[in-house]
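The listed protein sequences derive, respectively, from chains A and B.
FYI, in our numbering the residues of the first sequence are 1 to 53.
FYI, in our numbering the residues of the second sequence are 1 to 506.
Just so you know, these hints were derived from the structure itself, not from any lab.
From the three backbone atoms N, C-alpha and C, an ideal C-beta is built for every residue, glycine too.
Some hints here could point you the wrong way.
[Unchecked claim] Cβ-Cβ distance ranges computed for the label pairs, FRET-style:
| hint | chain 1 | residue 1 | chain 2 | residue 2 | range |
| --- | --- | --- | --- | --- | --- |
| 1 | B | Ile381 | A | Phe20 | 33 to 41 Å |
| 2 | A | Phe20 | B | Ile238 | 28 to 36 Å |
| 3 | B | Arg117 | A | Ala13 | 50 to 58 Å |
| 4 | B | Val16 | A | Val24 | 34 to 42 Å |
| 5 | B | Tyr159 | A | Ala46 | 39 to 47 Å |
| 6 | A | Ala13 | B | Ile238 | 21 to 29 Å |
| 7 | A | Ser2 | B | Gln489 | 51 to 59 Å |
| 8 | B | Pro493 | A | Arg35 | 47 to 55 Å |
| 9 | A | Ala13 | B | Ser491 | 23 to 31 Å |
| 10 | B | Gln489 | A | Ala47 | 26 to 34 Å |
| 11 | B | Ser491 | A | Ala47 | 45 to 53 Å |
| 12 | A | Arg35 | B | Arg217 | 23 to 31 Å |
| 13 | A | Ala13 | B | Ile385 | 39 to 47 Å |
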Amino acid sequence: MSGWQTLWTWTLALSVVLFFVVEVVVVIGGAGDVRDMLRSLREHAAAEADETT
Amino acid sequence: MNFIWIDWITVIVFLVLTTGVALLTRRLISDYDSFLLAGRTLRLYLAMATMGATELGLVTLMYFSQQGYNSGFSAFSIGVIALIGFVFVGRTGFIIKGLRDLQVHTIAEFFGLRYNRATQIIAAIITFAAGLMNMGLFLVLGAKFLLYMIGFPPDMLPYLMVGLLLLVLAYTVIGGMVSVVLTDYVQFLILFSSVVFTTYFAITHVGYDTVVETVQREYGAGGFDPFVSDDLGWLFIIWLIFGIPFSGMWPPALSRALSTVDSETSKKLYSFVGLSFLGRALMPMMWGICALAYFAGDNSIPLPLLDGKPDTAAAMPAYLSQILPAGVRGLMVAAALAAMMSTFDSYLLCWSSILVNDIVLPLRPDMKDAEKIKLTRLAVIACGIFVLSWGYLYSPPETFFRFMAITGTMYSASVLLTTAAGLYWKKANTVGTLTSLVVAGALPLTTIFLGGADVLPPEYEWMVEDKVVGIATFVSSLMCIVVASLLTQRSHPPRPLPTRTGKATT
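Isolated chain B (complex conformation):
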């Protein structure tokens, strides 16, 4: 066991504080808007805090550190591309401004306004499926971090997963978005401070020069140049570049933009909080690179194994548990719990709201607010149980980050690309949109279920490689919406976008 009493006290104080907030805010939930979007009352700085905390989850720390361990400094290119994407969205208001001006609750609701109910439901199903699969690894990665940081035996992993799930479910179900936003603010403070401190400890323990030398020795030029990296390569970079216009539009982050007081605040939110997205990627990646230097430099300290192979995802927590001083280790675990809870609760609430708003409500429009809140709470629990099961059953063929990237593409290339077309191209119609949604929603499944499964002959394995499928998904989605829309303009004339302007109710 790595923890001592001061570490435990730090963690317990944090847990009491955050769950107390959920209970105290329950009386403020008066209707569905206040449950789901905090009554659309988020001002700029609070929106930044909640978006920053939501998008910096424990899973983020884990998958970026694993990517740093596997790719060296080349992995930093991912953070730079994310920064460029956020600056682009913040400056132009691409998609976010249009959606905020329409005052939709979720992105799929836009499809109901622009096209029809069937398109809304299909977009919602794709978003829901991609989102749930993406979230499927949150619990197992979070539990793995705690396991190695605290020093529990490996067979405790399933119990930790169940414990974490119960903790998050408790205050998400009770409080809704208001408690999520308030705890996000507290968590933002703890989390961002801990990330900076930990980076300092991680680098100074092994020394920056040692880190550079280790990466040079282990990965050669590919450890620095992403275009010649064995793990990444130019195809991977092109795939990420395709995703630039859709940066930060994963539904939980987008829900923050939709919760702001107006569209200008949404734009400012992306411009400013996007600046932290470089550090969000680079600092955990640096922890992973430092872990590489640590385990490569001293063979007496073994890297944890998984099925007989080095468990690169466990390298970072195993490293930090060895180097962080007592007290700081407890603070880091509290921060990690904050990271996990702030991300997990928002994601659970988001997918559940999509299920209720965009799949159930179009079929049962007369539902009352109390029924919607009750159904959303039940959906939160059901999603949590799915995530627990998926984490047990599925292991991705590549790194965890790349699994996140392919599930992200499933959503970006289908739902976001067609949303952009619907907002900015008058000729986009229902047929084009449905074709694009179905093709781009289905293609990434080949990587998710066939990649690394040894079902294809070796000479065809490249066809289900994530980089190839990712690029093919974006290109085919764009071609589908353009060609199918143009071919069916007469039979299915495009429906004009209704205008719904006006300020939020504050």
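Excised from the complex, chain A in its bound form:
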């Protein structure tokens, strides 16, 4: 296997690992962020409604 072939084989393997790590971290951490965003938007919408009444 030439130098380029070896380089691309290892790069592909690295890309799969990095992709998977990012996925796991983001899915777990994102669940809490979704909850926070919805709470914040709900409070904001309520405050806007109070101002208009």
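With the hints as your guide, set chain B onto chain A.
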């Protein structure tokens, strides 16, 4: 027809889930900020999910797989350059930190703050034009993927395009950024998992050694070495290197950075999610290379044709439809729909917001929030209709990726390069910026409209080749802003950048 009942059920469940989210979040839209930037409440992981899902569209899978089919392993250099770019932007905060600290809604708004209203409008028009053209191929590529995966007859393509457009329009118009962000989170999970699974199936079906041998046989050393590749070459690599400082700053991705709670979160976002950009490019490219090995190895299986020539963009879905097991095929189509919707909705919302914020609002500053939301929704529909028409009428001279790259250059070399100058060079003035915007905004049009159109004599065709025009656009843009700004310092003294610091409203 390749689909069976379990595939259909998977797809239908996914569609019900995502459109339901859009309807449920509608009541949370209380003003323009909450419609467009989710109230600037995106925290790190959710921003990563939405940026990851947005930047991994079905169109991404299609154009990278086609590039892998056409260039072999050499195409991997594109992914490596993207990774370097993201790491650079994430570490330095180049452009993104400055814009986030100024709390602008869109990048063109910066031109209004730093220069004047006319410059803002011109920057917005260039961004809008480049963006719409770039998005013009989304529908046709997405529909082509579904056509070959599901196994519909080719004459169904226009109907699929219309169906996909209606689906995306429905929940983008209703929900705005909040529904986009929430569906992105669900789509991120489905999409990223499916990409990894599909890569496994794609490689194991033909075998990695067979893939390497096929690339060696079909493309020789150029199938591995990007500098000697017939399709890429050193000029192409130089062109991509010019774009490194502007990686991931296409407006829809940038809007994620502007939606985060502060500029440090924006930097972390680029540093971390950028790591997935290597796989975002390499895995679909690998599917395309595996498709090459599959169709080259067994002549009894024909590659789909387009106008009598091999349709290399259709190779990947045609291959996957043959090798993926039932159920996984449905999951892959659901993931592809997720990919298409998460990208398409964000892009539609982004271009529409540029139209409203940076072209209409400077002319009608007294517009109320309700009017802005209504106009943005109308703009979303108009952009969708344009994309449908462009997909019918235009076919790029090179691969789809290279069309994306030249429209990206139209934006990077003009709007982003002048933004960088405006943020980091005190002598940048209105004249220099306008000159640079106009020159860099116009040059790529030569490739887009003259490349492959047979209007130039063969000896001059190289002048409209994308690699040459891409490099020329970056160089001439830089020269224009430097020279024109220095020559007009007295007549047009630079306007200082206003400071607008402070945390987002959460």
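Could you see if the CB distance from B/Ile381 to A/Phe20 stays within 33 to 41 Å? holds (38 Å)
Taking the beta carbons of A/Ser2 and B/Gln489, is their distance inside 51 to 59 Å? Taking Cβ atoms as reference, A/Ser2 and B/Gln489 lie about 54 Å apart, which means the hint holds.
Can the suggested window of 39 to 47 Å be confirmed for the beta-carbon pair B/Tyr159 and A/Ala46? holds (44 Å)
May I ask you to test the hint 26 to 34 Å on the CB atoms belonging to B/Gln489 and A/Ala47? Distance hint for B/Gln489, A/Ala47 is violated at roughly 47 Å.
C-beta pair B/Pro493, A/Arg35: status relative to the range 47 to 55 Å that was hinted: holds (50 Å)
Regarding A/Phe20 and B/Ile238, is the given constraint of 28 to 36 Å on their beta-carbon distance met? holds (32 Å)
Holds or violated: the 50 to 58 Å window for the beta-carbon distance between B/Arg117 and A/Ala13? holds (52 Å)
Indicate whether the distance between the beta carbons of B/Val16 and A/Val24 respects the range 34 to 42 Å. Cβ of B/Val16 to Cβ of A/Val24: about 26 Å, so the range 34 to 42 Å is violated.
Could you tell me whether the CB distance from A/Ala13 to B/Ile385 stays inside 39 to 47 Å? holds (44 Å)
The hint says 23 to 31 Å between A/Arg35 and B/Arg217; measuring C-beta to C-beta, is that right? violated (54 Å)
Pairwise beta carbon distance, A/Ala13 to B/Ser491, judged against the given window 23 to 31 Å: Violated, at about 58 Å.
Can the suggested window of 21 to 29 Å be confirmed for the beta-carbon pair A/Ala13 and B/Ile238? holds (28 Å)
Checked against the numbered hints listed earlier, the structure breaks hints 4, 9, 10, 12; every other hint is satisfied.
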